[in-house]
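Participant: Sequence:
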Amino acid sequence: NGAGKTTTIRLLSTLLSPSWGEASVCGYSIYTHPREIRRAIGYMPDIFGVYDDMRVIEYLEFFAAAYRIDGPARRKVAEHSLDLVDLGVKRDELVTSLSRGMTQRLGLARVLLHDPQVLLLDEP
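So for the sequence shown, our numbering puts the first residue at 286; every next one is plus one.
Since the hints were derived computationally from the structure, they do not count as laboratory data.
These figures come from a predicted structure and were not determined experimentally.
Every residue gets a Cβ at the ideal spot worked out from N, C-alpha and C, and that includes glycine.
All the given hints hold, so there is nothing to weed out.
Pair ranges (Cβ atoms, derived): (1) E364 to D331: 24 to 30 Å; (2) D377 to L301: 36 to 42 Å; (3) T292 to D400: 25 to 31 Å; (4) A325 to T291: 16 to 22 Å; (5) E408 to E364: 25 to 31 Å; (6) R385 to K290: 17 to 23 Å; (7) G289 to R340: 33 to 39 Å; (8) S382 to E307: 42 to 48 Å; (9) E364 to R385: 20 to 26 Å; (10) E307 to K361: 36 to 42 Å; (11) Y316 to L404: 20 to 26 Å; (12) G356 to S304: 41 to 47 Å.
As a list, the in silico SDA-like pairs of lysine to any residue whose alpha-carbon atoms are at most 20 Å apart: (13) K290 to W305; (14) K290 to D407; (15) K361 to G373; (16) K290 to L405; (17) K290 to E408.
Using the sequences and the hints, build the whole thing.
Facilitator: See below:
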């Protein structure tokens, strides 16, 4: 409704630089510690891309690698995230076969992979 929720979330996630003011996340300044903030948060935008041609478990393992989760732990972490969002039974299905609601749950599983301290969810 134009209140600035998305802009605030983008500022806190360090995707947008403020023109003035100060903000911190988990004690880290958005100006001086953006890397630490990105490690501490799980950000889920209102619209996010998925790789339709991957199986659900492969999709999460791909992002676990991006979060630098060790190879042997990736499958375990991915399966745990699927269980948290109640998508374990869909693990071997193609992402493209998921309904909109299930795709959003998959997006939430993705942001939970690295066990963030803070979740920033933009109207999912």
